[in-house]
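Novice: Residue numbers (the numbering used here), protein chains in the order written: chain U, 1421 to 1741; chain B, 3 to 667.
Rather than coming from a laboratory, the hints here were simulated on the basis of the structure. Please note: incorrect hints may appear among the correct ones.
DSSO-like, lysine-lysine: derived pairs with alpha carbons at most 27 Å apart [what the hints assert, rightly or not]: (1) K352/B x K190/B; (2) K1650/U x K393/B; (3) K139/B x K1707/U; (4) K1707/U x K241/B; (5) K623/B x K1710/U; (6) K228/B x K352/B; (7) K190/B x K1714/U; (8) K1592/U x K66/B; (9) K1592/U x K1548/U; (10) K237/B x K1707/U; (11) K1650/U x K139/B; (12) K66/B x K116/B; (13) K622/B x K1624/U; (14) K623/B x K1592/U; (15) K1469/U x K1534/U; (16) K1609/U x K648/B; (17) K1707/U x K485/B; (18) K190/B x K1707/U; (19) K243/B x K1707/U; (20) K241/B x K1624/U; (21) K139/B x K190/B.
Quick partial rundown of chain U residues pointing at chain B, CB under 10 Å, derived from the structure [to be verified]: (22) V1520; (23) V1544; (24) N1626; (25) D1632; (26) L1653; (27) Q1655; (28) Y1699; (29) I1712; (30) T1713; (31) L1716; (32) A1717; (33) P1720; (34) C1734; (35) L1736.
Even glycine gets a Cβ: it sits at the ideal position worked out from N, Cα and C.
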Amino acid sequence: MSTKPKIGFYWCASCGGCEESVVDLAEDVLMVVGAVDIVFWPCAMDFKKADVEAMPDKSIVATLLNGAIRSSEQEEMAHLLRRKSQVLIAYGSCAHTGGVPGLANQFTREQIMKYVYEDAPTMVNDKKTRPQTHFKEDGRETELPQLRNVVRALDQVVDVDYYIPGCPPTPKLLKDAVLALLSGKLPPKGSVLAPNIAVCQQCKRNDSKPQDISLTEFKRPHQIIADPEKCLLAQGLPCLGPATRGGCDAVCIQGNMPCTGCFGPVDNVHDHGAKILSYLASTAAGKEQKDITKTLAGIPDPVGTFYRYGLAKCVLRGKVS
Amino acid sequence: MNEPTKTQPRIGVYICHCGTNIAGVVDCKAVAETAAQYPNVVVSRDYKYMCSDPGQALIQQDIKEHKLDRIVVSSCSPLLHEHTFRGACEKGGLNPYCFQMVNIREHDSWVHEKGAAATDKAKDLTRAAVSRVAHHKPLETKTTPIHPDVMIVGGGIAGIQAALTLANAGQHVYLVEREPTIGGYMAKFDKTFPTLDCAACILTPKMSAVGAHPNITLWTYSEVAKVDGFVGNYKVVVKRKPRYIIEDLCVGCNECVTACVFKEGKFEDEFNMGLSKRKPVYMPFPQATPPIVLIDPETCINVKTGKCKKTCVEACGDRQAIDFTQKAEMKEVQVGTIILATGFQPFDAKRIPQYGYGIYPNVYTSLEIERLVNASGPTEGHVVLRDGKTKPKSVGIVHCVGSRDNKTHRWCSRVCCMYSMKLAHLIKHHTDAEVFNFYIDIRAPGKGYEEFYEKLQEEGVHFIRGRVAEVTDWQMSKEEEGKLVIRVEDTLAGFVRRIPVDMVVLAVGLEPHADSQDVRRQFNISCSTEGWFLERHPKLAPVNTFTDGIFIAGACQGPKDIPDTVAQAGAAAAEALSLIKAGSIELEPNTAFVVAEECSGCKTCIPMCPYTAISRDDVKKVAVINEALCKGCGTCVAACPSGAIKQNLFDDDEITSEIEAILAK
């Protein structure tokens, strides 16, 4: 049996981009595969839940779990992997802060079910059939996972040791994390494995940002052709770089797109969206209602803008009823 | 009681009865007993008056005896006694900021009825403070010097009095007045109640003293455009509107006025309440200070079109005091303190149409009558109707127009009873007319005021008690023909009367300036709901505001007569002087600071700071806060997108622990 450290990957409520980001390591993936023994990776390799259950507790050195926790199945897997792993890492925005799936917390479970199975324009469901957790057909009984009331980040379900932020995390962060794991030089438990300083610090356009922006309107990326040298916020795009943890080398901004906040907040900020709101409001010039209204019109989806990745971790949590 | 381990804070909690102020509603003993169970609380007591010497001694003694390192006092508003208790902590050997005050009087006993709920609220508030104070850190106070110069805004009698008091004490004063002359409303009056001394005789010497005083920089026809800074160190920008006259060169000879292409006055004379006409170039009144003319850009042909013979320039001759190219000028000055003496505006009588102002020509406002009875007024003191010649044989004075009225203003304007009686006396004296006063109550509480009221009754002035219903020209009998009829319920006689008169005088009340909200924002002070500037304490700090170094005097704080205004102006000057003489003031240590290694250099905070305390270190590419300039407003703390700015006494830990504890049951 291999003596290499055992590593697991798992995928909960997410888009799959995090899985691809592992492959994004390019030739470094060979270094990783060579250095570790991957014992669980349903996306790429054929392992079953029973294989994991059969492992002794804490036998996996580290599991990188991506995706938020929306269903009973994901919750069960999170608990199982927690039990089997020495180190559990929340990998990517969804596991870290709830991610895009967390935006579902704007609605109750019933609202979501009703829309998806009754009201959606593409839905034809005269009998208003809803998925059941248990049903029988041809004498066989099937069990489906249950949708939980809210979407949760991984640490709202189980104890998490580290976080690798990003939607998806950059290959550099993953590589650094794996190297740290292999060398045993890990920071204090609970750390986010990215610098505790906002994106602006790494952004090449920082010097082009005027001291006083005083925006009178916000624009959306498709509405302007942004100057590739100038600070995007100064051009009216609600770039969240100032309010978002860096470590990404400001890649989106290098691509002339504003930061949308996928790395989540820095350590001192408890509620990412509230902080973004507070900071964007600070840069807006309007003092009178009509000017404020005009400025706000540039942000047609405030929750989706401020809490794109962090609604699950919002102090307000989600809609209760 | 809990015996905390060594590393945990040792908290003392004190619940004040404030006599029966708190104890009459809140069960203080129960609050103290419950507080004893809160985490880290070592001592918990209730006491009759915590602010008294024995109360403070209790804290000091407990600090020593029980090795307390945190103190919570639940009593009145921190505005009143935070300083007291911080002092007690300091005397007990504790850093004064290891203290938290809870307001269970204004926030609890004074606003709730006696019962378990009020006691529960006191417990909740105290629990929150106990939870918060555990996170308090020892802090140091800093001092800031007070710039010795003073700015006074408003050149009515309040501003004049304050300016002279300060200037005579040797301070340099900038007196800013919106109108072309100082003097305010008092300059329009003929006589003052109740002594009937001539307003001009007592005011104009003060006005010229201001104009001539070496310590006073007088800027009339000017407005404050911007205020920055804080106590001791205000930076004020004043906009000097162009009067098209070079002030230093004009000698006030009025030759330009005589020479103006308009042979006669054609435009409404503001000083005479529109009862006379003036030219585009004019001096508001002969004793105007500064005694120089101005050109009204709205009516001067040359300013408007550039096509005028400019006979005025010709008349001015070698003095060359007229300058049509003049532009508004911005003056920036540094002052340590500011006194606001911006006064009031008279109630607009047209808002009560049933009294007929603007409908019937012979309905006047009291200020118009002030000009009519004035020897230097438009009629040289002759009280005549709008036709300019007829002496009224009967005059009705309607009190409380725009005062004590739910439809307009609920407050008593305090001066109308007295000035109405003064005008009644003067009208009677000038015309020998029958004068009727229609009043709700006569309010004559000042020195010599009641005696004046008696004197008027002896003079044969009529007093009819009742709020006037309407003034109408609808005549019902022969004796009402050609007259205005005042309909009123005489509440003493018990029936409705119709009194025909030739002239009606509406005793309009005082209201805050239409732009008082803008002024208040500019100077960062508060207003009462009515719009009057709010004093720090109605009894004990009547000229202070909640903003250090900004004082208020006169009617901008609320309606008042000349004696009260002058007294308040003196008080405001004294308050400013006391700061100046102290030389410096202790600052709250609740300043903000940047944690440099967490600052991304995004610059969001820099334009936020109202005190321009934040700059950017261009080498390290991080923000830096000048703690001497920081006033602890917290704006940058909220704005900092990465939480890299923290504020003393308002740490996230302190705030969240407080919120969590108050929500925990």
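Novice: Please go over all the hints and tell whether each is borne out by the structure.
Specialist: Status of each hint after checking the structure:
no.	hint	verdict
1	K352/B x K190/B	holds, 21 Å
2	K1650/U x K393/B	violated, 77 Å
3	K139/B x K1707/U	violated, 36 Å
4	K1707/U x K241/B	holds, 22 Å
5	K623/B x K1710/U	violated, 36 Å
6	K228/B x K352/B	violated, 34 Å
7	K190/B x K1714/U	violated, 47 Å
8	K1592/U x K66/B	violated, 57 Å
9	K1592/U x K1548/U	violated, 48 Å
10	K237/B x K1707/U	holds, 22 Å
11	K1650/U x K139/B	violated, 42 Å
12	K66/B x K116/B	violated, 36 Å
13	K622/B x K1624/U	holds, 15 Å
14	K623/B x K1592/U	holds, 25 Å
15	K1469/U x K1534/U	violated, 32 Å
16	K1609/U x K648/B	holds, 24 Å
17	K1707/U x K485/B	violated, 53 Å
18	K190/B x K1707/U	violated, 39 Å
19	K243/B x K1707/U	holds, 26 Å
20	K241/B x K1624/U	violated, 42 Å
21	K139/B x K190/B	violated, 59 Å
22	V1520	violated, 21 Å
23	V1544	violated, 46 Å
24	N1626	holds, 6 Å
25	D1632	holds, 4 Å
26	L1653	holds, 8 Å
27	Q1655	violated, 15 Å
28	Y1699	holds, 4 Å
29	I1712	violated, 16 Å
30	T1713	violated, 20 Å
31	L1716	violated, 17 Å
32	A1717	violated, 22 Å
33	P1720	violated, 21 Å
34	C1734	violated, 15 Å
35	L1736	violated, 14 Å
In summary, the structure is inconsistent with hints 2, 3, 5, 6, 7, 8, 9, 11, 12, 15, 17, 18, 20, 21, 22, 23, 27, 29, 30, 31, 32, 33, 34 and 35 from the numbered list given earlier, while agreeing with the others.
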